[in-house]
Amino acid sequence: MFGIAAIDLARVQFAFTISFHIIFPAITIGLASYLAVLEGLWLKTQRDTYRHLYHFWSKIFAVNFAMGVVSGIVMAYQFGTHWSGFSAFAGSVTGPLLTYEVLTAFFLEAGFLGVMLFGWERVGRGLHFFATCMVALGTLVSMFWILSSNSWMQTPQGHDIVNGVVIPVDWMKIVFNPSFPYRLAHMALAAFLSTALFVAASAAWLLLRGRPSPEVRTMLSMALLMLAITAPLQAVVGDLHGLNTLEHQPAKIAAIEGHWDNSSGEPTPLILFGWPDMAGEETRFKLEIPVLGSLLLQHSLTEQIPALKEFAPEDRPNSTIVFWSFRLMVGLGVLMIVLAIVGNTLRVKRRLFESRRFLLFTLCMGPAGLVALLAGWFTTEVGRQPWVVYGLLRTADAASAHSALHLSISLTAFVVVYLAVFGTGVIYMMHLVNKGPGDPSAPALGGPGHHRTPARPLSAANETLTAH
Amino acid sequence: MGIDLSLTWAVIILFGLMMYVVMDGFDLGIGLLFLRVHDEQERDIMMNTVAPVWDGNETWLVLGGAGLFAAFPLAYAVVLEALAIPLIVMLLGLIFRGVAFEFRFKASPERRHVWDKAFIGGSLMATAAQGVALGGYIQGIAFDGVRFSGGSLDWLTPFSLLCGVGLLFAYALLGSTWLIMKTEGALQQRMYRITKPLMLGLLVMIALVSVWTPLAYPNIAARWFSLPNLLWFLPVPLLVMLVGWWLWRAIAFQDTALPFVLVLALVFLGYSGLGISLWPTIIPPDASIWQVAAPAQSQGFALVGTLFILPIILMYTAWSYYVFRGKVNPGDAYH
Numbered sequence: 002m003f004g005i006a007a008i009d010l011a012r013v014q015f016a017f018t019i020s021f022h023i024i025f026p027a028i029t030i031g032l033a034s035y036l037a038v039l040e041g042l043w044l045k046t047q048r049d050t051y052r053h054l055y056h057f058w059s060k061i062f063a064v065n066f067a068m069g070v071v072s073g074i075v076m077a078y079q080f081g082t083h084w085s086g087f088s089a090f091a092g093s094v095t096g097p098l099l100t101y102e103v104l105t106a107f108f109l110e111a112g113f114l115g116v117m118l119f120g121w122e123r124v125g126r127g128l129h130f131f132a133t134c135m136v137a138l139g140t141l142v143s144m145f146w147i148l149s150s151n152s153w154m155q156t157p158q159g160h161d162i163v164n165g166v167v168i169p170v171d172w173m174k175i176v177f178n179p180s181f182p183y184r185l186a187h188m189a190l191a192a193f194l195s196t197a198l199f200v201a202a203s204a205a206w207l208l209l210r211g212r213p214s215p216e217v218r219t220m221l222s223m224a225l226l227m228l229a230i231t232a233p234l235q236a237v238v239g240d241l242h243g244l245n246t247l248e249h250q251p252a253k254i255a256a257i258e259g260h261w262d263n264s265s266g267e268p269t270p271l272i273l274f275g276w277p278d279m280a281g282e283e284t285r286f287k288l289e290i291p292v293l294g295s296l297l298l299q300h301s302l303t304e305q306i307p308a309l310k311e312f313a314p315e316d317r318p319n320s321t322i323v324f325w326s327f328r329l330m331v332g333l334g335v336l337m338i339v340l341a342i343v344g345n346t347l348r349v350k351r352r353l354f355e356s357r358r359f360l361l362f363t364l365c366m367g368p369a370g371l372v373a374l375l376a377g378w379f380t381t382e383v384g385r386q387p388w389v390v391y392g393l394l395r396t397a398d399a400a401s402a403h404s405a406l407h408l409s410i411s412l413t414a415f416v417v418v419y420l421a422v423f424g425t426g427v428i429y430m431m432h433l434v435n436k437g438p439g440d441p442s443a444p445a446l447g448g449p450g451h452h453r454t455p456a457r458p459l460s461a462a463n464e465t466l467t468a469h
Numbered sequence: 010m011g012i013d014l015s016l017t018w019a020v021i022i023l024f025g026l027m028m029y030v031v032m033d034g035f036d037l038g039i040g041l042l043f044l045r046v047h048d049e050q051e052r053d054i055m056m057n058t059v060a061p062v063w064d065g066n067e068t069w070l071v072l073g074g075a076g077l078f079a080a081f082p083l084a085y086a087v088v089l090e091a092l093a094i095p096l097i098v099m100l101l102g103l104i105f106r107g108v109a110f111e112f113r114f115k116a117s118p119e120r121r122h123v124w125d126k127a128f129i130g131g132s133l134m135a136t137a138a139q140g141v142a143l144g145g146y147i148q149g150i151a152f153d154g155v156r157f158s159g160g161s162l163d164w165l166t167p168f169s170l171l172c173g174v175g176l177l178f179a180y181a182l183l184g185s186t187w188l189i190m191k192t193e194g195a196l197q198q199r200m201y202r203i204t205k206p207l208m209l210g211l212l213v214m215i216a217l218v219s220v221w222t223p224l225a226y227p228n229i230a231a232r233w234f235s236l237p238n239l240l241w242f243l244p245v246p247l248l249v250m251l252v253g254w255w256l257w258r259a260i261a262f263q264d265t266a267l268p269f270v271l272v273l274a275l276v277f278l279g280y281s282g283l284g285i286s287l288w289p290t291i292i293p294p295d296a297s298i299w300q301v302a303a304p305a306q307s308q309g310f311a312l313v314g315t316l317f318i319l320p321i322i323l324m325y326t327a328w329s330y331y332v333f334r335g336k337v338n339p340g341d342a343y344h
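Heads up: the protein sequence lines correspond to chains F and Y, in order.
Be aware that the first sequence starts at 2, since it is given in the numbering used here, and climbs by one per residue.
Be aware that the second sequence starts at 10, since it is given in the numbering used here, and climbs by one per residue.
A portion of the hints provided could be inaccurate.
Derived CB-CB ranges, DEER-like [stated by the list, open to error]:
| # | chain 1 | residue 1 | chain 2 | residue 2 | range |
| --- | --- | --- | --- | --- | --- |
| 1 | Y | Ala151 | F | Ala397 | 18 to 24 angstroms |
| 2 | F | Arg123 | Y | Leu44 | 36 to 42 angstroms |
| 3 | F | Val13 | Y | Asn228 | 36 to 42 angstroms |
These are calculated hints, taken from the structure and not from any lab test.
No experiment lies behind these values; they were computed from the predicted model shown.
Note that the Cβ used here is the ideal one computed from N, Cα and C, for glycine as well.
Chain Y on its own, in the form it takes in the complex (with noise of 0.2 angstroms):
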């Protein structure tokens, strides 16, 4: 095959993760504005916002998860020893948050609030893990080429929890901006007004982390500021700060979808410095996809499958989220 399968798969691998953060993102965030809004009834709608496309992103995590095993099985094996702490909780967080989720509609009213807990619980430890994992990625894998060679602690630092922050923020946006999109009235006007106090903190938490990884890892400040690598790079954090104020203005102008798009658009930004800071490594610093692939015959075993399936369940995904268009109002029942 004249194809580079480890380059394929790692572009299905960070695909299906970028497909996971934008599906999840929204829904997990809806979980963590319910500590701001307690009103039951507001509190459904918000909920039925999701109900009929949420479950379709265990799909991605579990496709990331078994593509990475799949294709750079040692990676798979380096890297999540080294983050087993927060994915445990990351993997605990959404299994409660997503049957708090189902059952929640089937509680008496009485018993809802444990489910509405279980569900603010729930999202919350899955988003902060998922941060904390995130940031403990970028740190750097103590990997010595044959396996994790560091402690089960060492994702543990100041800049993971500061990425745990800032992915609560992140996550919160999203769920906010869906909102927007989503409802009508009161509640809408709420979600607007809580998206202004969420963007700043999130634009903070970026420049923060833009400013930190450079200090604090060499190795990707050279990749940055390196010319001519600095000239292409630049209209990131360029875009970056267009897309806020274009965020800010669509907030006081009070359009309904556009602020959830450039909400995304702010996370594939994030994503995309993230992937400049990294590529080609999978085990950071040192260990790139071609050091740590499987051998051709598993890639390309896996591939052919992978290739048939991937495109049948994005048609039906975004089939779903066409037929669910529209706003949600009070008393529409989903059960």
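Chain F with its partners taken away, still in its complex shape (with noise of 0.2 angstroms):
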């Protein structure tokens, strides 16, 4: 395809299939929790406001659980079809992390989702709120398997290789690897921001339509300070993960800053914008800050940062990618950051409902969270290459022997149906919005102990399909 090697092509599809996959159970992971804020909110109050946004984003949750999961099923599988290479050397790590996080996220499917989206009128209030609670925490140890995982392929240890595969020797060194608290934390954080950020626009909109609502202004109010709270704390936590990365994957830090050479001895420029070229070995058309490379990652005015030049061409991560996602990731942060502020004074001047231009922009910055979430992941992983595991397995030696023409119509059929399904329940979801809280249709009605009622996450929605 495109003459694109299938190496590349299989990189292709494992991207395009995990990100649709990491977008879904990031909002189920901030909805959750949301969710779960609601109704103790509501317990303790008793005010509707709370019970009607509880209804109002519990139906959104539920559509998007479903999404989560069904996306989730190929990924089981991708890691053995295209990605034999990877599978047979460290599956005896991999696969026991992915082994929890799919137990994890089917335990609270089975236990605990039925009760929390289709018994409302049937169970007791503490029941109710405790299911709640139990999937909101399910959702967070499922993410804690998973993020696990992944850093071991970033920051391994633990293991013995032996015979060219890598044995497990000490599961607590494997689980908590070097990397893993502050990816945790990071990703935890992000899905809470992408979450807020989606909140508040859904908010702006209705706004924006006309319909201030109580429900409205009061997750709109929530949201932001939300946002109070996590925008300038992801800050921190990426900081200190940089830092972390800095000392164990310098190649990838070099890349990121689009940092070529440190002969000259001088302390490390911060590079803003420029455009790295991996064959000319060099940054163009650079605007940059001299000694606030040197001052933000070492805390140093005189100490280098790691140089691209410094690591064999070979083991080089592709700069002129990850300069230009990471740089959208913080980007986007300081628009967060811009948007709570504004926000959060707005609203202690209460003038938050009637800001027009302040709305808009919240509407704008709606997406915002999952793009620089997106952008993040590509900034790591593909700031990992030319490793799959980080300095034991590269990604060329860890593909299933599939010719380009395979892999060209696998990833096809994987764009024509992920399009049409996933764009459906985008649209779906946005439609719910539209409707906006308050809306005095019932809680949906069913699950398991209940005669003839729905049991499976996409029925809590009732509504139809418009365009349909």
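With the hints as a guide, bring the two chains together.
See the structure below:
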């Protein structure tokens, strides 16, 4: 396909499928916790607003959860079908960790999701709240396991290599590997941030359409409060993550910063914009600030950061990609902090709901959380190249031996099916958002234990598809 | 630990696979039966018989894959690479079918036929692909001890295509007998009528596969036809014939629940026959479960959580089916 090599087609296919699979679970994680908060607030204050918001977001949560599950099934098989080298080499570690992620996710589906989505009228308040909290906890635990597995791929430890294959030695060391705490915190905050932006933008949309109900105002206020806490915190965690990456994956930092050469001995500037040229071994059209690179990354006025030329050409990540994906992520992060500051200032001054320009800004920032999340993932994974398990197995050696033709066909098939399926799902979710909260229709009835009623996530939302 | 971890995991994975086939078999079968039932109201009823319970079966599919990855990573790598094409077709079919299933209920009447076609197409793709993958697996997989050493299309043979057709009959039969249990009136009668040819078709398929396999694969022939093995295994084909005859009678006498139970028995017998042919290899024809097992630390670590959660999933599944027992009537609204 377009003369692209088989290995790159396999990588594109993996990137494509996993990008879809990170978007939906991220919102699942954020919304599950948000729903627990809403239900807790309702139980405590008895204010109907919280109950209405709970039912509104619960429907959207249900559709989103289903999308997450569907996209996840493909991932469970793709490691084997397309990355058999990786599976054979590292499966003794990544296999069990993936199994725990799957078991946790299905445990909560089997156990508590049914009650949470369909049991409102049927079980006591305490039990229902417990179910909601357990679902929220389940999403976080599932995230724990998959981030542990992915972090082990970045900073492997606790293992031995015997007969050319990884053998686990110390599971505590494997699970709690050096980059894990930072990446877990960073991803958790990213999930909460993405969700808060989604909630805020939904509220902004409804306000701009002239529907300022108490529920919409409340959800905007709550989202802005969440942003005020998480956006700056994410900047701090991101910095700490960067320092950890500097220690364990110096080539990745060099590529992110587009920094090629340390031979001059001078402190490293911070390159704001430019175009890293991998073949030419330089970053062109640079706009840089002297010394700031050393200051930010080494917290020093003199110490240099790693340079790409210090690594063999085959060991350098693609700086053109990660330089820009990193800046996209950080740029959006800065905008999120701006949004939080402006929004909360307006809120304190009681001018929040009438400020049209701010609401438009919030609306535009709706997808920013997910875009930043994807940009961050591209940075960390493309930055890990040429390794799939850092320092141990190269990506080029990890793929299954499928031809470029085979991969072109499967990639095309995935793109078509995913766009059709998830496109419809997203449109449907937007349609649900547009209906707004405070809808007098009753919460979905159903679930096991109730005669003749639905029990699966997608049936928690009863609205019809408009365009269809 | 005194227990054989590889054996334990093999049992868990085989159990999970069996659960998947049984649970997804009849709802994929319903998708296939849409080819013979065109009335919208009847289609609604057919869907409503599985609407409350169908998505639990995805659990078993993912558990099977993840369990294989954890306990036998080399087998996971080799088998999935060898069968990549049918497995990807299966996954795409399942995605399409699953979402079509849900969105059909939310679509306007004019647009419903689009989702109907997606539902049928997805069910066909998934079923045929599973059967072909199974055939490709039985045939044996080129394994040099380190990785898959064959080609992308090794699985594509007349034998595997035959298995694909066989599975279509099996799932359609599971679907029709499930509907006999869950529906009444004209629809139920249609299902009785459809079941007969489907049953004959399946028995022919079983006979063909049962004859072809030992003829084409001498190691399997040796397993079955040597003494004393032959005496131990003879009950299997005998039971298939017995169950087949009993099923014919159950349909003739218009039993309600018995046909489905008997088809389940047939599926189980087919599964056992396969197990007899292949045990204990996990990468046919030569690599056993012990040869390609993950280290004990991996199998043990993953086993702990699995043994804890599996019973919970089983209990919840049984509970769901119990709640939704009974007939589905026209006009039953699940949504």
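Taking the hints in turn, this is what the structure says about them:
A hinted range of 18 to 24 angstroms holds for the C-beta pair Ala151/Y and Ala397/F, which are about 22 angstroms apart. Look at Arg123/F against Leu44/Y: about 38 angstroms separates their beta carbons, and that is inside 36 to 42 angstroms. Evaluation of the 36 to 42 angstroms hint for Val13/F and Asn228/Y yields a pass: the beta carbon distance comes to about 40 angstroms.
In the structure shown, no violation is registered for any of the earlier numbered hints.
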